[in-house]
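Colleague: Go ahead and model the full structure; you've got the sequences and the hints to work with.
There are 2 protein chains.
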Amino acid sequence: MPHGRRLAAAARSAARTDLLDEYLGECKELVVQHIKTIIPSDGRYGTILYRLMLDYPLRDAKGLRPMLSIACCRALRGKLEAVLRSAAVLELYHNAFLIHDDVEDQSVMRRGRPTLHRLHGVPVAVNVGDAMLCLSLQPLLENMSEIGLGPSLRILQAVSRMTRESVEGQALELDWVKRDAWDVTDDDYVRMVEQKTAWYSFITPLVVGGIAARADNTCLDALTEFGRSLGIAFQIQDDVLSLRGEPEAFGKEIGGDLWEGKRTLILLHMMRCASAAERQEVEEILALPQPSRGGRNGAARRDVGAVFKRLVNDGELTAKGYRRLKRLNLDSIDGPAKTAAHVRRLFELINKYASVQYAAAVAQRWAASAQEVFDTKVAGSMARSVHRDVLQAVVEYVHRRHR
Amino acid sequence: MPHGRRLAAAARSAARTDLLDEYLGECKELVVQHIKTIIPSDGRYGTILYRLMLDYPLRDAKGLRPMLSIACCRALRGKLEAVLRSAAVLELYHNAFLIHDDVEDQSVMRRGRPTLHRLHGVPVAVNVGDAMLCLSLQPLLENMSEIGLGPSLRILQAVSRMTRESVEGQALELDWVKRDAWDVTDDDYVRMVEQKTAWYSFITPLVVGGIAARADNTCLDALTEFGRSLGIAFQIQDDVLSLRGEPEAFGKEIGGDLWEGKRTLILLHMMRCASAAERQEVEEILALPQPSRGGRNGAARRDVGAVFKRLVNDGELTAKGYRRLKRLNLDSIDGPAKTAAHVRRLFELINKYASVQYAAAVAQRWAASAQEVFDTKVAGSMARSVHRDVLQAVVEYVHRRHR
Numbered sequence: 009m010p011h012g013r014r015l016a017a018a019a020r021s022a023a024r025t026d027l028l029d030e031y032l033g034e035c036k037e038l039v040v041q042h043i044k045t046i047i048p049s050d051g052r053y054g055t056i057l058y059r060l061m062l063d064y065p066l067r068d069a070k071g072l073r074p075m076l077s078i079a080c081c082r083a084l085r086g087k088l089e090a091v092l093r094s095a096a097v098l099e100l101y102h103n104a105f106l107i108h109d110d111v112e113d114q115s116v117m118r119r120g121r122p123t124l125h126r127l128h129g130v131p132v133a134v135n136v137g138d139a140m141l142c143l144s145l146q147p148l149l150e151n152m153s154e155i156g157l158g159p160s161l162r163i164l165q166a167v168s169r170m171t172r173e174s175v176e177g178q179a180l181e182l183d184w185v186k187r188d189a190w191d192v193t194d195d196d197y198v199r200m201v202e203q204k205t206a207w208y209s210f211i212t213p214l215v216v217g218g219i220a221a222r223a224d225n226t227c228l229d230a231l232t233e234f235g236r237s238l239g240i241a242f243q244i245q246d247d248v249l250s251l252r253g254e255p256e257a258f259g260k261e262i263g264g265d266l267w268e269g270k271r272t273l274i275l276l277h278m279m280r281c282a283s284a285a286e287r288q289e290v291e292e293i294l295a296l297p298q299p300s301r302g303g304r305n306g307a308a309r310r311d312v313g314a315v316f317k318r319l320v321n322d323g324e325l326t327a328k329g330y331r332r333l334k335r336l337n338l339d340s341i342d343g344p345a346k347t348a349a350h351v352r353r354l355f356e357l358i359n360k361y362a363s364v365q366y367a368a369a370v371a372q373r374w375a376a377s378a379q380e381v382f383d384t385k386v387a388g389s390m391a392r393s394v395h396r397d398v399l400q401a402v403v404e405y406v407h408r409r410h411r
Numbered sequence: 009m010p011h012g013r014r015l016a017a018a019a020r021s022a023a024r025t026d027l028l029d030e031y032l033g034e035c036k037e038l039v040v041q042h043i044k045t046i047i048p049s050d051g052r053y054g055t056i057l058y059r060l061m062l063d064y065p066l067r068d069a070k071g072l073r074p075m076l077s078i079a080c081c082r083a084l085r086g087k088l089e090a091v092l093r094s095a096a097v098l099e100l101y102h103n104a105f106l107i108h109d110d111v112e113d114q115s116v117m118r119r120g121r122p123t124l125h126r127l128h129g130v131p132v133a134v135n136v137g138d139a140m141l142c143l144s145l146q147p148l149l150e151n152m153s154e155i156g157l158g159p160s161l162r163i164l165q166a167v168s169r170m171t172r173e174s175v176e177g178q179a180l181e182l183d184w185v186k187r188d189a190w191d192v193t194d195d196d197y198v199r200m201v202e203q204k205t206a207w208y209s210f211i212t213p214l215v216v217g218g219i220a221a222r223a224d225n226t227c228l229d230a231l232t233e234f235g236r237s238l239g240i241a242f243q244i245q246d247d248v249l250s251l252r253g254e255p256e257a258f259g260k261e262i263g264g265d266l267w268e269g270k271r272t273l274i275l276l277h278m279m280r281c282a283s284a285a286e287r288q289e290v291e292e293i294l295a296l297p298q299p300s301r302g303g304r305n306g307a308a309r310r311d312v313g314a315v316f317k318r319l320v321n322d323g324e325l326t327a328k329g330y331r332r333l334k335r336l337n338l339d340s341i342d343g344p345a346k347t348a349a350h351v352r353r354l355f356e357l358i359n360k361y362a363s364v365q366y367a368a369a370v371a372q373r374w375a376a377s378a379q380e381v382f383d384t385k386v387a388g389s390m391a392r393s394v395h396r397d398v399l400q401a402v403v404e405y406v407h408r409r410h411r
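Going line by line, the protein sequences match chains A and B.
First residue of the first sequence? That's 9 in this note's numbering, and the numbers climb one at a time after it.
First residue of the second sequence? That's 9 in this note's numbering, and the numbers climb one at a time after it.
I should point out that these hints are in silico values taken from the structure, not numbers from a laboratory.
Any given hint could turn out to be false.
Stated by the list, open to error - Calculated lysine to any residue pairs in the SDA-like style (CA-CA distance at most 25 angstroms, straight line):
#, chain 1, residue 1, chain 2, residue 2
1, B, Lys186, A, Val130
2, A, Lys334, B, Val320
3, A, Lys334, B, Tyr330
4, B, Lys334, A, Gln298
5, B, Lys317, A, Ala327
6, A, Lys317, B, Lys334
7, B, Lys87, B, Asn225
8, B, Lys36, B, Ser153
9, B, Lys44, B, Met152
10, A, Lys317, B, Arg318
11, A, Lys270, B, Gly129
Modeller: Structural data, given as C-alpha cells:
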C-alpha cells in the first residue's frame, strides 16, 4: 500500500476507534436508562433486591452486547425503539451470568470492585442473579406491543437458545476443572468457548438486532457465523490478556485463570510442549484448589497443618497439643492450595514454550475469519451508515486489542 | 352431624386420601417422563449437566405442583395434553429454586439425600439451577403448537409473574436474616410467604391449569385467591412441621429454620411473648451464624479460639504459640456459631409460650379460608369428577397435615 493510502486507512481506523467509544457510551447510557425501567425501584418489598440488581449493570463496563444489538438493528435499517428493550434484556442476562460465574469461579474482583458475593455473601448473590434471569422474561413478552408477534417470538427463541448454549458451555468448563480433565483438545476448547462466550456475547446480540430489523434468514445465518468467529477470537484474547494486562486496565486479577485452573489454549499448548516431568508438575499444581476466601494474599492461612508442625518444632506446642489441634480437622478447610510460587512457575513454563504467542496467533486467525464473513456476507446487506462503521470498528478492535 | 353421616363423611374423606395419593403418583410419573423429554440426554456436550438436572426431579417427592395444574385443568374440562408440558416446566422451576435455596440456606439434606451443592459443590449447583431456569423457556414457547397462541402467552405471563414473586419473597427473607431484622410483623411474614411459597407452589400451578383449560378471568381470579390461602396455610404448616416431624418423615433436618435463623410465625410469636431478658437472649442466639460445613454435628470445629485458649490453660501451648495461631485468623472462619444447646434453648422458649400451637391455629384459619373459597368460588365452575375430588382432597390434606 502506498504511504498516502496507508495513512488514510490509519486515519479512518483511528476515526472509527473514536466513533466506537462514542457509540458505546451512547448505547450504554440508553441501555442503563432502560434497565432502570425494567427493574422496579418502588415499594417496600423487593427494594433491597432491586438495588443489588442494579449494582453490576451500573459499574464501569463497555456494554458491548447491547451495543452490538443496536448497531446491527440500525445498520439493517431497523429502528432504535425496535431493539432497545431486547438489548437491555441481553445486558441483564449478561450481568446475571457474571454474578453467578463469579460465585462459581470464586472470583474476587469484577469491573474494578469486589464481586457481589464478596460484598453481600453467596446466598444474596445467587438470589440476585436468579432475579435478573427471571425478570428478563417480562420485557421480552412486552416486545409484542412494539415490534409485533412474529419478531417477538423469534427473539424469545433466540434468547432461549442463547441461555441453553451458555449454561452448557459453563457446565463443560466447570466439569473439566472439577475432574482435573486433561483430555481436552484445542477443538474442545473452541467448542466450549463458542457455547460459553460466543452465543451470548456476540451471536445472540447480533441476531436479536437482525430480528428486530426484520432481517431474513440468510442474513441471520451470516450474523451467526460472524458472531461465532468474533466471539471465539474475543474469548481467546481474554485469556491472553488475563496473562498480560495490568489489573487496573483489565478489571480482573492477573493470572486468574491459572489460580482457577481454567483450561485455556495457552495452558493446553504449554502442556503439549512440556516435558513429561514438567507436565506432571503442572498437573499437580493445577489439581491444587484455590486458596480459600481472602487467602490468595494470605499465605499464612493456606497450610495450617504446616504451621502447627512449625509450632511444635519451635517448642511452642506440645505433641499432645498438636494432636488436639489436628483433631479439629482444620486441614480439610485449609489444606494445601495453590500459592503465588505455583502460579509463577506456570507463567515460567508458559513463557518457555511461547504459549501466549501461540494463542494470540489463533485468536488472530479467528478475527481474520470474522472480518472476512463481515466483508463478504454481512456488510452487503447493510446501509452505509455510522452503525455499519461501528460494527467494522468492533472487528478492528478485536483484531488489535491484544497486540 | 348424626353418627351415620359423620361416618359416611369420614369414609369419603379417607377414600379421597387414597385417591390423592394415587393421583399424585400418576401425575408424578407423567411429569417425570415429560421432564426427560425437555432435558436432552444425547451428545457428549452437556451430558454431565443434564444428568445433574434430573437429580432432584427424580428424588422421592410428591410432585404437588404439577398435580395441581393437571387436576385443575382437567376439572375445568381441559385436556391432559394441554397442560402436561406446562406442569413439567413448573416442576423444573420448583427444582431449580430448591437447588439454589439449598445453597442460599446452606441446607444439608433434601428429600432424604444430601443437597446438590454438598454432593457436587456450590459452583456446579448454581450452574445446574441456572440451567433448569433457562431450559424452562423453550417448552413454554413450544406450547403454542399444542394450545395455541393466546393461552401460551398467558401462561408465559403467569410464569413471569411467578418467578418475580418468588425471587422477591426469597430476597426479603434473606434480608431479614442477614441484617438480624426483628421489626417483622405477622403481616410481613404472611406477605413474604405469599411471595415465596404461595405464588409458585399453589397460585401459578392452579392458574396455569386454568389457562390451559381456557378458563375465564373470573375463574382465574378465584383460583388465585384459593391458591393464596392454601399456600400460606401450607408454608406455616411447613414451619410447624419442621419443629415437630421426624427427619425421615419430613426429609429435612429438624429445627432447620432455627439453625438458619429464619423468621417464622412461631419465632415471632415467641419473641412477642418473651420477657425482655429472654428476648435479648434469643436475639443473641439468632445473630450467631450457622456452624460452617460439616460443623453442625462437629462441635469441636465451632470455636477454634476457645480451643486455643484451653490448650494454653492446659499447658500444651505457649503464649507466643497462641499469638501465632491467632494470627492465622482462624476465628473468622470458625468463630462462635450456634450450637445444639442454643437451638434447644430456642425450642424451650417456643414450648413455654405455646408458639407452635399459635402458628398451627393461624394455619388452620388460612386452610379454612381456602376451603371456603374452593366451595363458594371454585368448585361451582368445575365438573363433578375425580379431578375436582382430588382438589378437595388437597384442601383436606392441608387442613389435617400438621395435627
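Colleague: Now, for every hint given, state plainly whether the structure supports it.
Modeller: Okay, the hints, checked on the actual structure:
At roughly 12 angstroms between alpha-carbon atoms, B/Lys186 and A/Val130 fall within 25 angstroms of each other, so this suggested pair holds. A hinted pair counts as satisfied when its Cα atoms are at most 25 angstroms apart, and A/Lys334 with B/Val320 qualifies at roughly 16 angstroms. Annotation: proposed proximity of A/Lys334 to B/Tyr330 holds, straight-line Cα distance about 15 angstroms (limit 25 angstroms). Taking the CA atoms of B/Lys334 and A/Gln298, the gap is near 22 angstroms; set against the 25 angstroms cutoff, the hint holds.
The straight-line distance between the Cα atoms of B/Lys317 and A/Ala327 is roughly 16 angstroms, inside the 25 angstroms bound, and the hint therefore holds. Between A/Lys317 and B/Lys334 the CA atoms are separated by roughly 15 angstroms; this keeps the pair inside 25 angstroms, and the hint holds. Distance restraint check for B/Lys87 and B/Asn225: the Cα-Cα separation of roughly 19 angstroms lies within the 25 angstroms cut-off, and the hinted pair is therefore satisfied. Distance check on the hinted pair: B/Lys36 and B/Ser153 sit about 24 angstroms apart at the alpha-carbon level, within 25 angstroms; holds.
Distance check on the hinted pair: B/Lys44 and B/Met152 sit about 20 angstroms apart at the alpha-carbon level, within 25 angstroms; holds. This hinted pair checks out: A/Lys317 and B/Arg318 have alpha carbons roughly 19 angstroms apart, not beyond 25 angstroms. The hinted pair formed by A/Lys270 and B/Gly129 meets the criterion: a straight-line CA distance of about 17 angstroms does not exceed 25 angstroms.
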